[in-house]
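2 protein chains.
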Amino acid sequence: MRVQFDEMKNTIKKAFIRAGLSEQKAETCARIHTESSRDGVYSHGTNRVANFARHLNDKLIDPDAEPVLCGQMGVMENYDGRMGPGVLNALFCMERAMELASQQGMGIVALKNTTHWMRGGSYGHLAASKGYIGICWTNTETCMPAWGAVTGGVGNNPLIMAVPNGDAPVVLDMAMSQYSYGKLEVTRQAGEKLPFPGGFDKNGKLTDDPGPIEESRRLLPTGYWKGSGFAVLLDLVASILTGGLTTAGIDRKKAGNCGGCSQIFIAFDPEKLGSGGMMASAVEETIDQIHNSEPDREGGQVFYPGERTALTRKENIEKGIPVNDEVWKTICTLAGI
Amino acid sequence: MRVQFDEMKNTIKKAFIRAGLSEQKAETCARIHTESSRDGVYSHGTNRVANFARHLNDKLIDPDAEPVLCGQMGVMENYDGRMGPGVLNALFCMERAMELASQQGMGIVALKNTTHWMRGGSYGHLAASKGYIGICWTNTETCMPAWGAVTGGVGNNPLIMAVPNGDAPVVLDMAMSQYSYGKLEVTRQAGEKLPFPGGFDKNGKLTDDPGPIEESRRLLPTGYWKGSGFAVLLDLVASILTGGLTTAGIDRKKAGNCGGCSQIFIAFDPEKLGSGGMMASAVEETIDQIHNSEPDREGGQVFYPGERTALTRKENIEKGIPVNDEVWKTICTLAGI
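Quick note, the sequences are listed as chains A and B, same order.
Just so you know, we're using the numbering used here here: the first sequence kicks off at 1 and counts up by one.
Just so you know, we're using the numbering used here here: the second sequence kicks off at 1 and counts up by one.
Isolated chain A, as found in the complex (with noise of 0.2 Å):
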């Protein structure tokens, strides 16, 4: 089915606050989530909702805790994230690196002890909206093994690279793992085989077939060892900047998903900097280069990262938000609709 925008919004506002959030804070995640439906992301829009109520529920977030000063120097400050709400605490991060970048040309913002920030690419797209350059990253869990390595492992450190460019801005939103353990699932459920060899049976075999791999959990890293690779360095810099958790202190924790993980938030503002004219010409001229490459067939089209969510985000504004039903049920249901 299908259900519009603000519909959408307010009823996934409606569970947040039975879920024990503040009015406020229940409109700004419930908004979070619905953008994230509406951009095409369901995984992490209306297919979470139910998760981080829960999450709420189990004490494994405080509704109330807000992030805390605790350090500062030239562009950089420190947060704790207290285990407040993940998307509470990465609006404020980017907010308060775009405010520091608006001064200084940069800011920088570490945040430790915060929960799932859900969609990484909310707060690229948030910087780009406002014209800013954003860069962001987390730590997470345990999610595969190391490159060479059966068993586990290194996070899953989704990396968000944003530029703006109007209403359709360039935007990397990049998980180190092939896939998702949601795209397995879904891919196994449809009964067909992923697009490219997604991680090893138990056998070590690479294969295309999810079920294999959510038996082994032996997902693929992004680019075999350099996803791995890429994975220990995010999570390195983001817990020593952070003075926070790494990939191993959150396996300990066990604070569910993502609990206690550790983020970066970087806003660099063009103007600023003097180089917003650039920015534009720079932009435009990448653009019309990836537009007027050949197609690897025939009517295919060659898009730039970030212009399919924004012809998503547009149909979707248009016909309503694709929601699962059995989902929308469940949303409805917390909502005590």
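Since the hints were made in silico from the structure, they are not lab data.
Mixed in with the good hints there might be a few duds.
Intra- or inter-copy, both count: the list cannot distinguish identical chains.
[Said to hold, decoys possible] In silico DSS-like pairs for lysine-lysine, Cα to Cα no more than 25 Å straight-line:
1) K329 with K183
2) K319 with K329
3) K329 with K14
4) K205 with K183
5) K14 with K59
6) K193 with K205
7) K319 with K14
8) K59 with K25
9) K329 with K25
10) K183 with K193
11) K59 with K329
12) K254 with K59
Nothing here was measured: the structure is a model prediction, and the numbers come from that model.
Starting from the known structure of chain A, fit chain B onto it as the hints suggest.
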């Protein structure tokens, strides 16, 4: 054959002096090339000496140009590399980023109009060896089609992240193509297949056979669409912050390999930020987690990123640095020996 470090460095130095570098600049460039081979990165060490000398001879690189400050704000500085030797420009910028970091916790230096920096890992290792977290990346000319395209393209845009850990730092040095053309060539010459598919043949079929990929010029981005998107974002951020050329701009300029490229150098000083102790424990528990995971084959060993480099370095210092006979002969000829 194997050549001892000092003999290799001094021979390369002679070659560079004959190609037009001053004694001091030749010494530094020769050291970096030798260190790359010492660390096992032969492709960007000895194997690049003749190429660099030719670029000097062809006036694609200005042997006397030094970076000029052209902007400053907060912890950021901008330099114009004036098409000087890429290695010297990059060393200067990472050193400057470290200096800024030692004063303000972090430093970021943006460099435009520079030339090939050879092995990007050199600048990560430099930072880590002095106790800094180092991050740097460069854009390049087009190296592969964007995802979904058969023609160029996007750059290879390597990203380097380095975290101190005594003489075995944690270092990622990651290009945006799954394999380099150098790796394809070496693999084809040995009559072997790539460990995993490395590109598409001219019929659009993924293949691990290097020859057909060299023909089609359709290198596979790291992680399929992910590496393609990441390349675009690294390119845009580098060119916007430097005010320098994008990949599309480098393509237009045709100033040799990476001629006129844009680079970013970031350093964090954990001591200044008060997170030196935190860093040591984060690194230790992360390495432990990796070392304690179960290897995917009997007798196997799971390495952290950069660990094998440290082992190769040790071996090559003891036994001498391996170099292809023909390559060494060419270097000696260039050195007038």
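Hints and how they fare:
| no. | hint | result |
| --- | --- | --- |
| 1 | K329 with K183 | within (22 Å within a copy, 53 Å between copies) |
| 2 | K319 with K329 | within (20 Å within a copy, 68 Å between copies) |
| 3 | K329 with K14 | within (14 Å within a copy, 75 Å between copies) |
| 4 | K205 with K183 | both (19 Å within a copy, 24 Å between copies) |
| 5 | K14 with K59 | within (19 Å within a copy, 68 Å between copies) |
| 6 | K193 with K205 | both (15 Å within a copy, 17 Å between copies) |
| 7 | K319 with K14 | within (23 Å within a copy, 69 Å between copies) |
| 8 | K59 with K25 | within (16 Å within a copy, 61 Å between copies) |
| 9 | K329 with K25 | within (23 Å within a copy, 70 Å between copies) |
| 10 | K183 with K193 | within (11 Å within a copy, 30 Å between copies) |
| 11 | K59 with K329 | within (24 Å within a copy, 69 Å between copies) |
| 12 | K254 with K59 | within (13 Å within a copy, 59 Å between copies) |
The earlier numbered hints are all upheld by this structure, with none contradicted.
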